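Novice: Chains as they are written, first to last, in my numbering: chain A, 17 to 280; chain B, 17 to 280; chain C, 17 to 280.
If you're looking for bench data, these hints aren't it; they were derived computationally from the structure.
Predicted, not measured: the structure shown is a model, and the values here were computed from it.
Heads up, a few of these hints could be off.
What the hints assert, rightly or not - Taking lysine-lysine pairs in the BS3-like style, the calculated list, with each CA pair at most 25 Å apart, reads:
1) Lys23/C - Lys83/A
2) Lys23/B - Lys23/C
3) Lys136/C - Lys23/C
Claimed, not checked - Calculated Cβ distances over 10 Å to all of chain C for the following chain B residues:
4) Tyr123
5) Arg191
6) Ala233
Claimed, not checked - Not the full set, but computed from the structure, chain B residues with beta-carbon under 8 Å of chain A:
7) Ala61
8) Ala77
9) Asp198
10) Arg199
11) Leu234
12) Thr237
13) Leu247
Don't be surprised by glycine CBs; every beta carbon is placed ideally from N, CA and C.
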Amino acid sequence: MYLRPPKPIVTLTTDFGLADPFVGIMKGVILTIAPQVSIVDISHAVTPFRVIEAAYEIEPAWRYFPKGSIHVVVCDPGVGSDRRALLVEAGGHYFVGPDNGTFTLIYREKHKVREITNAKLGLPHPSRTFHGRDVFAPAAAHLAHGVRPAQFGKPISDPQTLRDLDPHKLARSWRGQVIKADRFGNLVTNFHVHQFPDVRTEPIAIRIGRKTMRRFALTYTDGEPGELLILIGSSGFLEIAAREASAQLLLRAPFGTPVDLEIG
Amino acid sequence: MYLRPPKPIVTLTTDFGLADPFVGIMKGVILTIAPQVSIVDISHAVTPFRVIEAAYEIEPAWRYFPKGSIHVVVCDPGVGSDRRALLVEAGGHYFVGPDNGTFTLIYREKHKVREITNAKLGLPHPSRTFHGRDVFAPAAAHLAHGVRPAQFGKPISDPQTLRDLDPHKLARSWRGQVIKADRFGNLVTNFHVHQFPDVRTEPIAIRIGRKTMRRFALTYTDGEPGELLILIGSSGFLEIAAREASAQLLLRAPFGTPVDLEIG
Amino acid sequence: MYLRPPKPIVTLTTDFGLADPFVGIMKGVILTIAPQVSIVDISHAVTPFRVIEAAYEIEPAWRYFPKGSIHVVVCDPGVGSDRRALLVEAGGHYFVGPDNGTFTLIYREKHKVREITNAKLGLPHPSRTFHGRDVFAPAAAHLAHGVRPAQFGKPISDPQTLRDLDPHKLARSWRGQVIKADRFGNLVTNFHVHQFPDVRTEPIAIRIGRKTMRRFALTYTDGEPGELLILIGSSGFLEIAAREASAQLLLRAPFGTPVDLEIG
Numbered sequence: 017m018y019l020r021p022p023k024p025i026v027t028l029t030t031d032f033g034l035a036d037p038f039v040g041i042m043k044g045v046i047l048t049i050a051p052q053v054s055i056v057d058i059s060h061a062v063t064p065f066r067v068i069e070a071a072y073e074i075e076p077a078w079r080y081f082p083k084g085s086i087h088v089v090v091c092d093p094g095v096g097s098d099r100r101a102l103l104v105e106a107g108g109h110y111f112v113g114p115d116n117g118t119f120t121l122i123y124r125e126k127h128k129v130r131e132i133t134n135a136k137l138g139l140p141h142p143s144r145t146f147h148g149r150d151v152f153a154p155a156a157a158h159l160a161h162g163v164r165p166a167q168f169g170k171p172i173s174d175p176q177t178l179r180d181l182d183p184h185k186l187a188r189s190w191r192g193q194v195i196k197a198d199r200f201g202n203l204v205t206n207f208h209v210h211q212f213p214d215v216r217t218e219p220i221a222i223r224i225g226r227k228t229m230r231r232f233a234l235t236y237t238d239g240e241p242g243e244l245l246i247l248i249g250s251s252g253f254l255e256i257a258a259r260e261a262s263a264q265l266l267l268r269a270p271f272g273t274p275v276d277l278e279i280g
Numbered sequence: 017m018y019l020r021p022p023k024p025i026v027t028l029t030t031d032f033g034l035a036d037p038f039v040g041i042m043k044g045v046i047l048t049i050a051p052q053v054s055i056v057d058i059s060h061a062v063t064p065f066r067v068i069e070a071a072y073e074i075e076p077a078w079r080y081f082p083k084g085s086i087h088v089v090v091c092d093p094g095v096g097s098d099r100r101a102l103l104v105e106a107g108g109h110y111f112v113g114p115d116n117g118t119f120t121l122i123y124r125e126k127h128k129v130r131e132i133t134n135a136k137l138g139l140p141h142p143s144r145t146f147h148g149r150d151v152f153a154p155a156a157a158h159l160a161h162g163v164r165p166a167q168f169g170k171p172i173s174d175p176q177t178l179r180d181l182d183p184h185k186l187a188r189s190w191r192g193q194v195i196k197a198d199r200f201g202n203l204v205t206n207f208h209v210h211q212f213p214d215v216r217t218e219p220i221a222i223r224i225g226r227k228t229m230r231r232f233a234l235t236y237t238d239g240e241p242g243e244l245l246i247l248i249g250s251s252g253f254l255e256i257a258a259r260e261a262s263a264q265l266l267l268r269a270p271f272g273t274p275v276d277l278e279i280g
Numbered sequence: 017m018y019l020r021p022p023k024p025i026v027t028l029t030t031d032f033g034l035a036d037p038f039v040g041i042m043k044g045v046i047l048t049i050a051p052q053v054s055i056v057d058i059s060h061a062v063t064p065f066r067v068i069e070a071a072y073e074i075e076p077a078w079r080y081f082p083k084g085s086i087h088v089v090v091c092d093p094g095v096g097s098d099r100r101a102l103l104v105e106a107g108g109h110y111f112v113g114p115d116n117g118t119f120t121l122i123y124r125e126k127h128k129v130r131e132i133t134n135a136k137l138g139l140p141h142p143s144r145t146f147h148g149r150d151v152f153a154p155a156a157a158h159l160a161h162g163v164r165p166a167q168f169g170k171p172i173s174d175p176q177t178l179r180d181l182d183p184h185k186l187a188r189s190w191r192g193q194v195i196k197a198d199r200f201g202n203l204v205t206n207f208h209v210h211q212f213p214d215v216r217t218e219p220i221a222i223r224i225g226r227k228t229m230r231r232f233a234l235t236y237t238d239g240e241p242g243e244l245l246i247l248i249g250s251s252g253f254l255e256i257a258a259r260e261a262s263a264q265l266l267l268r269a270p271f272g273t274p275v276d277l278e279i280g
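So that you can see chain A by itself, here it is in the shape it has in the complex:
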């Protein structure tokens, strides 16, 4: 009756960093329960407690894993409080983590959300400070090992969601925000090409602070060295890049900085 994929994958996305043993401990818990699992780190560099960042970090990643993969996302400022633990089924994948809005973008898929209440599927005597180890890692491992979703707990219909994830309309433009600066200093915005398909064909302008960018580029090698360019990034979000330079250093626009988009 139980599904037991031959080589299931569990991915980990947390704000735990890699300097402390937290992530290694989670992997020990998973491999104790489900030795056959492949574990893949997505990122452990989510800014501590910044749930929206975790939501954006898993979004471009999960679709590149095989169906049936289990994605554990733990950015959990409310650990030990009465916030719920969730198991989400969406898009043929599973998601495990705290009920604090982490999965807001996942809920755009057809989804079913369960509260994890079956204490037998967690470690005995769970702490109130490290549910990554005591609740979420064991849940993911049991799921990978064939326990059916229904055994974790009952469906709920009111999971927490984050607001203001999408750009909103102003008088003459759209107002979005910077959602990250990547390793190369590219500033990723929350304008997604699926929501704004006209950016492919119409002239556009993006304003961040006092700077306005109009040059639409197809690759990071377009433009003059240092020139600020608009690109559709590899996960579909519009981003500002600078050839052989860091747009982040040029624009000094941290997470949450307003971004205005004009089309046409």
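Starting from the known structure of chain A, arrange chains B and C on it as the hints suggest.
Specialist: Just chains B and C now, kept in the frame of chain A:
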């Protein structure tokens, strides 16, 4: 005769960092000898040469792995000198690393320590600068692949140990130390709840520098934002936390800072 | 007809860092195509766009993996331009990455280089900004899964190479350069003991800036604390170390700093 667990685990804890190829090279050595092994990183961010930090890093982690796991811990300022290489059996687990006190906390378990002297179980022509690659990774891999501990070398009874790992008694209090600041700025002390069970029931005070903390909390969500709290951390050590803030930034107490505990 | 090693290894070396989800996404792509693969990170801390650093990062690592391993190296400032994608066979290993000189040191082995042109062995609709995901990860995975090299594309004879990788002769000495400072502050040079075997037996002097080092050491524990020492590092390159200190901090010699070697 040889034990060959179907999917053995080798964990790695080092001061090598992740920027250099050292850790990847160790994994290549291990997978060449024992392709079936699962390798898990605990931490590679141990401060270079600070053996005591390596001792504390593996301590909360190894119990969360299945029995028979092999834990390689390499913080090795004496590499290439005449310091011994060790294989330790304790608590149903194996530990491999230099004889410099790294395993002091492990020796609190019933244990057997061997000096690794069988050169056939290392790489040929070992360097004098990278025993992680040439001695410890191959030893762990051969062990994972079924070589019996006795083949590595003879038992020894005088392994090196670190002193001052435990708090000591002062006139009216106990004197311990800060053993780490974690990713969230929580200051972890060397007061373990197993040694100081009264902290659960008695009023306590912890003094670090000029600050005295008295508020005992159960979760990081207790207290006012920024308030300094005493918690029992997820590995059983008392720690100082600050809600939605960094106790480390508030107290500026680096590794080794004295911590005084009064109970009652 | 196809080779399908039972447990192939794919290594990853990039300038993507570990904070962004790029590396995790590449692993998802690989495991979707070839679930049986073991993936090992060599380093993701290559300085963005510094191809020569990627070339030096994979060089000491690949030989420690089993024959048949596949090494993906992506430091790719020209992504999306018309630079070619390569599959290299050398030394019994495979190498996959952009044609920008990354594999210059690999070409010292007997080698065959192919341009990857078979679009069926990449993701559909490849982006012009993330070929690590769309071209190189799938190529490595298909190779691991048994697709023969000839199916990727035709051999080429003119791959790009980096110049000035080797020291050159001055009037009385050899001029090389600093190729990295490792985690411990050891300054690694591009003088390899295979090219300069006399350093083992002759008196030598190494000059970096205004400092001249003459003390040849066998281990990092030789010398006085803080003394600058010359060693043959674990991958055969001469390096400058300082006992219990950082040669990098003492000499302030970044990547590319000239290094002069006198022998005899």
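Novice: Would you pick out the hints that fail for this structure and give their numbers low to high?
Specialist: Of the numbered hints given earlier, the structure breaks none, since each of them holds.
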